[in-house]
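Chain order of the listed sequences is B and L.
First residue of the first sequence? That's 0 in numbering that gives the first Met the number 0, and the numbers climb one at a time after it.
First residue of the second sequence? That's 0 in numbering that gives the first Met the number 0, and the numbers climb one at a time after it.
Among the hints, a few may not be true.
What the hints assert, rightly or not - Covered, in the sense of this in silico footprint (three residues per stretch, anywhere, with C-beta under 8 angstroms from a C-beta of chain B), are these stretches of chain L: (1) 76-85; (2) 90-98; (3) 281-293; (4) 314-327.
Unchecked claim - Straight-line C-alpha distance at most 25 angstroms; calculated SDA-like pairs for lysine to any residue: (5) B:K44 to B:D129; (6) L:K17 to B:G380; (7) B:K383 to L:M0; (8) B:K299 to L:I10; (9) B:K302 to L:R12; (10) B:K349 to L:L376; (11) L:K262 to B:D384; (12) B:K256 to L:Q368; (13) B:K383 to L:S269; (14) L:K262 to B:N368; (15) B:K256 to L:L376; (16) B:K302 to L:N1; (17) B:K302 to L:D303; (18) B:K305 to L:F4; (19) L:K262 to B:I378; (20) B:K136 to B:G172; (21) B:K256 to L:H279; (22) L:K262 to B:G380; (23) L:K262 to B:I196; (24) B:K305 to L:A255; (25) B:K305 to L:E283; (26) B:K305 to L:E9; (27) B:K264 to L:H279; (28) B:K299 to L:Q8; (29) B:K383 to L:V332; (30) B:K69 to B:Q300; (31) B:K299 to L:M0; (32) B:K69 to L:I10; (33) B:K302 to L:Q8; (34) B:K383 to L:E283; (35) B:K383 to L:H279; (36) B:K299 to L:N1; (37) B:K264 to L:Q368; (38) B:K256 to L:E9; (39) B:K69 to B:P31; (40) B:K383 to L:F4.
Don't read these hints as lab results, they were simulated from the structure.
Note that beta-carbon positions come from the ideal geometry of N, C-alpha and C, so glycine has one too.
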Amino acid sequence: MDFELSPEEEAFRDEVRRFLDENLPPVEERKPEFEGEWQRKVRDKRWVGFSWPSDVGGGGGSIMEQVILKEEMSDRRAPSLGTCFMGLAWVGPSIIHYGNETQKQRFIPEILDGKYQWCTGYSEPGSGSDLASLQCKAVREGDEYVVNGQKIWTSLAPWAEWIILLVRTSSDGPAKHDGITCLLVPMKSPGVDVRPIKNMAGSAVFAEVFFDNVRVPAENRLGEEGQGWQVTVSALASERSSISEVQGLVRRYAELKELAQTTQKNGRPASAHGPLRARLVRVETRIEAMRLNGLRFLTKQLKGEKLGSETSINKLHRANLEIEMGEIALEICGNAASVASGEATPGGGKWQHFSLSWPEVVIGGGTPNIQRNIIAERILGLPKD
Amino acid sequence: MNFGFSEEQEILRGEVRKFLDEHAPLEEVRRQAEATDGFSRELWSRMSALGWVGLTIPEAYGGAEMGLVTSVVLLEEAGRGLFPSPLVSQTLAAQAIMRAGSDEQKQRFLPGLADGSRIATVALLEESDRFDPEGIALLAAPDGDGEVLRGRKCCVSDASAADLFVVVYRSSAGVGPDGISLAVIEKGGAGVSVDAHPSVDLTKRVSTLTLDGVRVDEGIRLGAAGSAWPTVSYIFDVGATLVTAEAVGSAEGGLAMTTAFAKERTQFGSPIGRFQGVKHPLAEMYVDVESFKSLAYYAAWALDQSADDAAIAVSRAKAYASEVLPGMGLQGVELHGGIGYTWEYDIQLYLKRARWVRPMFGDADHHYQRVAALGGL
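Just chain L, same shape as in the assembly (with noise of 0.2 angstroms):
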């Protein structure tokens, strides 16, 4: 019975911690979410030349061959500042061809998104922001032996850097998880187009991608044609657990900053953390940390494992986190009174990160109704 960490993973967790205080406290970081794609592609070759970009890829393909629990250490560490990256999109591409994928299209793709050389994310969701086979609207039409790709795919993270989309659309009508497909578009293609928009959180970046008559055969498409569900419902999953565990770290860093904070402010003549009005809401936020913390550990291990479990699981990590976070970036917020109203104080960032957090992969409302009907209420 171990419900923690190994050594080895403790370590990774230590030189990643090391690593991000070095080269992106948050005045670092807001430089580097100024640029182009929105991150430092300097740090990410470093971070790629330790390792830690492919860290779930096997061996074989250039990678570390961890499992997700390992992932939860890295993204816990790079959520604490804030740091922003392609590594969640990067992960959840690697996934999908890992699962999905031929020999031939894992050797092909993987090698470069494990040394970080090319960056990858995916195309998941449609105007309908939905987490169902039901979203999936984007319709293939047929084209000879491929198919051809004409719509858009919303919120996509990370699209402006990344040189891959892994793609989920329809070969064949229908609103069920029959018909559902997988394809790897390669930007630059015919047809593919990037529009990046002005983000409210400003470390991460958020895209339309426009699929207009682009060709997918057997090369490019991840399985048989209409049979991915399996592999886009699992990537949901992994999904929600990877933006949690960022999320611990961020909730964990915005709680150290606003602790910090109310130890030096002084009014009525004592720091204000001394007032229980302050003190107990930083209590609660450290309860609901702990405890989202723990739900998300225990899905990771679920997912790495394939546990029986491992749905209900994850929706119980994401459904906590979604409705507690966009609390806790309030009140970090109001707790520091006018200056946490600044664009120049950093606690804004944290609120900014609090609200991207909750939609992605499913809100608090969706995992918990995923929750009742797993959990047979």
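This is chain B alone, in the form it adopts within the complex (with noise of 0.2 angstroms):
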């Protein structure tokens, strides 16, 4: 065992280090304009799309160079590396592995740019957590296949310009896997209509989108027709170590502990609460369990081995850790729990937005119950459902 960098990673660390010292105020005294600045010299530095293969214009960083980036920027609290951010995370990936050379010109450059927001049309009314039994339908008609069908829980839809849909080309096959198409659609196109969706929160983030005989060039088909289950579960399935999550989580907990600490409760700080004070010592050491399991996911990664199923272990910590943070913050605020926003509320809402906004993350990256399956199925060896 050995926690220590090698010299080089070291040598980047520092650059790391020296750009943010050079380059990033602190948060209070970012200008409106600053966000636009930091994108172009981010862009300069290549570290959007870090990771991402030199040649198609990423950074080619190593694994332990994206770490180390990942934690200098969320130490120091940083904008995000690029803007387009479902194009960072699946939609450029997948082009890179499964797009011919016209769509890796096309779109990799406009993703690492940041131009426009992608968005994700993958869940249907009827499909959700079993994905590949999904509906939309996509009839090949000459040089056009036109969709027809329904998505839903589409996040940032009403703001992409661009959606990576599966489709059903066909219904024949041995599994139901095998009939999923994947295309790349403008969202301009004649027949798309988008329904913002309000959540619990009060925020409208998530749509559904209609498809009404939608026309779609053959040519934006992403990888051969029939391969968009692959293609799909590719870009899901590069799985990652989950060092980002855990730093975000560390964040959310320090925040928790002050509240604790500065909210008086029967007189005395929260924080001196025994159950209370339980419950959040429990919460930072599962924090600290996840940090550490994900560097033996480093670790393996950094041998050259895939991570798998694995990673649904802090999958669940992390669902879990949302909602409890949640629910404690609010038996902490008392009865100003009930105030939505302003300043009778301590955080003035915050802790009320945070604690209805944990579906975001809970469902959205597969439940909780589909994650079990995962570890009983994948790495217990259980029989299928």
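With the hints as a guide, dock the two chains, each given alone in a separate frame, to form the complex.
The following block contains the structure:
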């Protein structure tokens, strides 16, 4: 065991720190024009798409360098590296892996430059956890596909210019995975209708998307016809060691601890109350367990092994922790937790909002029960449902 | 960056597993546990000859001079099949002597511990069952140039087999860390007696050590009188870490047994492992074991490195393990149904082990409180 960085890795960390010293003002001093300048500078450093190969315009960073970059950025509360969130997370990797030259040259630079947002058309009203049962249909007519159907829970759809869409091109094949195809579709195409859905926190960041005879050029197909499931799985399966998720939780816990120490309950800080204290320290311990699990996953990656189902361990922890931290915060706030916003509640309502936003994380990436199935079936080898 | 074991450590793991698979399957473990001292002397000498008993003892005293991280590998494997042995006690006694003993004392005691010819344990607790300085109330009476001990130490592991007891006591009255001393007391000396108790976990042995006028002089006291608390505190931390490492193995062993049962046992026309009511608890157990495993590995590394966060790392590991282990043991029995309730079937042994681990070197409540205090909550 050894937690030291190599001299090369230390040099890279120092380079990142120097860059941050020179280019990142403290949060309260950041002016409106700062974000644009920041994005240009990190793009010039090739830190946007840092993990992507350099021949497509990525940074070609090693696994350790990616971790270092993320840690340093997170420690200093830097803005994101790049702004095309889903493009950078999985659309880009799918295109790099399955796209033809034309598609790569067209889309990858625009994703790196953050020209617009992508959204993701996977889930349907009848196909959530059982994604492969999807019914949104595409029929080939000459050089085009004609798409009819509906997607739902499509985050960023009201703002996105493109959607990566899974459609059914065939119902034959022995397995339901077989007839699925992946299409890249402009959201401005005639026949696309976006209807925002307000979530329980009151925000409308996701939407229903309807497709009514939407004509998509066949050249916008990603991978072969019937290969859509593979395209999706490979993008979702580029599993990471969950280092950045842990950093988010560490920050959130620090805020929660401060809330507990500065909020009085019955004349004492909330953090001095036995049951609350016990819940807080349990959360702290699990975040540390997640961090160390992540380092074990990272070690595996560094040895050249692929990560698989074990990453569900941290997904389950994260789901529990997101919910538990919100609940603890509300309990600390006491009756002021009933106030949605404003000065009458600690944090001005951010805990109320946080405590209503967990489904984004907990359900979005596969529900806890799906994660339990993955562990039970793929790791413990229990029979499939 | 490498949060994994070295090739050498992985080889050791393979050798230990092979050795124990061959010599200590569970039916054999049950037989060995029935022996007078609760373990097989024969296997103990063979393991000593392989260098496993003196793993952490310096080479100069006949040991392999490995760190606690390497002990973790050995104990994980020992825990998997509930192998009965005084490995943890022996390691803790050796660590205390290594840390607080003079060169002469090391020369006198360590070689016998390294080659397994003598067995040693630590006598820490008293009726108060506390892990802080206040828990140590056994007060020595001055006696010329030495001291005399009269009192009892409780819940002493492996005492019935031990030749040596590393005993914690007070050289001067008080409740704080000042005044705490350590001495190596030999079995058979005047006033030393051991009452072995029947134990719930058949593979573990627990006794009361009575000291009735036992004389301690400089030859057997480890370090200056009253100066031993840092060593005692370190021994508590090493103990918590090693017990947690052993519990990683036993938790995995119990989980493997229940998983195998869930694949074989058919009800409603299907292996019960197909039902989410069965597979989901098993998945949760896996999540918990992997998680306190990570915490235990890190704790051992932090102790080896004397890292600043060693104490909080140990407490996180033991707190998490103590919190989840009994539940895992109970689930294991419950998921087996009626057969799990029988004496004959082995899953009950894992429940008993989990309950043995829970309070050892501090339960979840103790260690979570320590995490809170050390973490500035």
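Do the hints match the structure? See the list:
For the segment 76-85 of chain L, the proposed coverage by chain B is not satisfied: 0 residues have a C-beta within less than 8 angstroms of a C-beta in that chain, short of the threshold of three. Chain B is given as covering the segment 90-98 of chain L, and this is violated because 0 residues of the stretch bring a CB closer than 8 angstroms to a CB of that chain, at least three being needed. Coverage of the segment 281-293 of chain L by chain B holds [criterion: at least 3 residues with CB-CB distance below 8 angstroms; count 9]. As drawn, the segment 314-327 of chain L meets chain B at 4 residues by the rule of a beta-carbon pair under 8 angstroms; at three or more, the given contact holds.
Restraint check for B:K44 and B:D129: not satisfied, since their Cα atoms lie roughly 41 angstroms apart, outside the 25 angstroms limit. For the proposed pair L:K17 and B:G380, the alpha carbon gap of about 23 angstroms is at most 25 angstroms, so the pair holds. Between B:K383 and L:M0 the alpha-carbon distance is near 37 angstroms, which puts this suggested pair outside the 25 angstroms criterion. Proximity of B:K299 to L:I10 is assessed by CA-CA distance (about 18 angstroms); at most 25 angstroms being required, the pair is judged to hold.
Straight-line distance between C-alpha atoms of B:K302 and L:R12 comes to about 19 angstroms, which keeps the hinted pair within the 25 angstroms bound. Note on B:K349 and L:L376: the hinted pairing holds, with a Cα-Cα distance of about 22 angstroms set against a maximum of 25 angstroms. Our distance criterion of 25 angstroms between C-alpha atoms is met by L:K262 and B:D384, whose separation comes to about 13 angstroms. With a C-alpha separation of about 15 angstroms, the suggested pairing of B:K256 with L:Q368 holds against the 25 angstroms cut-off.
Taking the CA atoms of B:K383 and L:S269, the gap is near 11 angstroms; set against the 25 angstroms cutoff, the hint holds. As the CA atoms of L:K262 and B:N368 are separated by approximately 20 angstroms, the hinted pair is consistent with the 25 angstroms bound. As the CA atoms of B:K256 and L:L376 are separated by approximately 7 angstroms, the hinted pair is consistent with the 25 angstroms bound. For the hint pairing B:K302 with L:N1, the CA-to-CA distance comes to about 9 angstroms; that is within 25 angstroms, so the pair holds.
The hinted pair formed by B:K302 and L:D303 meets the criterion: a straight-line CA distance of about 24 angstroms does not exceed 25 angstroms. As the CA atoms of B:K305 and L:F4 are separated by approximately 18 angstroms, the hinted pair is consistent with the 25 angstroms bound. Restraint check for L:K262 and B:I378: the C-alpha separation of about 13 angstroms stays at or below 25 angstroms, so the hint holds. Note on B:K136 and B:G172: the hinted pairing holds, with a Cα-Cα distance of about 15 angstroms set against a maximum of 25 angstroms.
At most 25 angstroms may separate the alpha-carbon atoms for a hinted pair to count; B:K256 and L:H279 exceed this at roughly 31 angstroms. Straight-line distance between C-alpha atoms of L:K262 and B:G380 comes to about 8 angstroms, which keeps the hinted pair within the 25 angstroms bound. Between L:K262 and B:I196 the alpha-carbon distance is near 43 angstroms, which puts this suggested pair outside the 25 angstroms criterion. A threshold of 25 angstroms between alpha carbons decides the hint, and for B:K305 with L:A255 the separation of about 24 angstroms falls inside it, so the pair holds.
About 23 angstroms separates the Cα atoms of B:K305 and L:E283, which keeps this hinted pair within 25 angstroms; it holds. Restraint check: the Cα-Cα separation between B:K305 and L:E9 comes to about 20 angstroms, which is no more than 25 angstroms; the hinted pair holds. With a C-alpha separation of about 38 angstroms, the suggested pair B:K264 and L:H279 falls outside the 25 angstroms cut-off, and the hint is violated. Taken as a hint, the B:K299 and L:Q8 pair is honoured in the structure, with Cα atoms around 16 angstroms apart against an allowance of 25 angstroms.
Only pairs whose Cα atoms come within 25 angstroms are accepted, and B:K383 paired with L:V332 is accepted, the gap being roughly 23 angstroms. Our distance criterion of 25 angstroms between C-alpha atoms is met by B:K69 and B:Q300, whose separation comes to about 16 angstroms. Under the criterion of a C-alpha separation no larger than 25 angstroms, the hint pairing B:K299 with L:M0 is consistent with the structure, at around 11 angstroms. Among the hinted pairs, B:K69 with L:I10 is inconsistent with the structure: their alpha-carbon atoms are about 35 angstroms apart, more than 25 angstroms.
Between B:K302 and L:Q8 the alpha-carbon distance is near 16 angstroms, which keeps this suggested pair within the 25 angstroms criterion. A C-alpha spacing of about 17 angstroms is found between B:K383 and L:E283, which places the hinted pair at or below 25 angstroms, so the restraint holds. As the CA atoms of B:K383 and L:H279 are separated by approximately 12 angstroms, the hinted pair is consistent with the 25 angstroms bound. Note on B:K299 and L:N1: the hinted pairing holds, with a Cα-Cα distance of about 9 angstroms set against a maximum of 25 angstroms.
For the suggested pair B:K264 and L:Q368, the alpha carbons sit about 20 angstroms apart, so the restraint of at most 25 angstroms is met. Restraint check for B:K256 and L:E9: not satisfied, since their Cα atoms lie roughly 40 angstroms apart, outside the 25 angstroms limit. For the hint linking B:K69 to B:P31, the alpha-carbon distance of about 23 angstroms falls within 25 angstroms, and the restraint holds. Between B:K383 and L:F4 the CA atoms are separated by roughly 33 angstroms; this puts the pair beyond 25 angstroms, and the hint is violated.
Against the hints set out earlier in the document, violations occur for numbers 1, 2, 5, 7, 21, 23, 27, 32, 38, 40.
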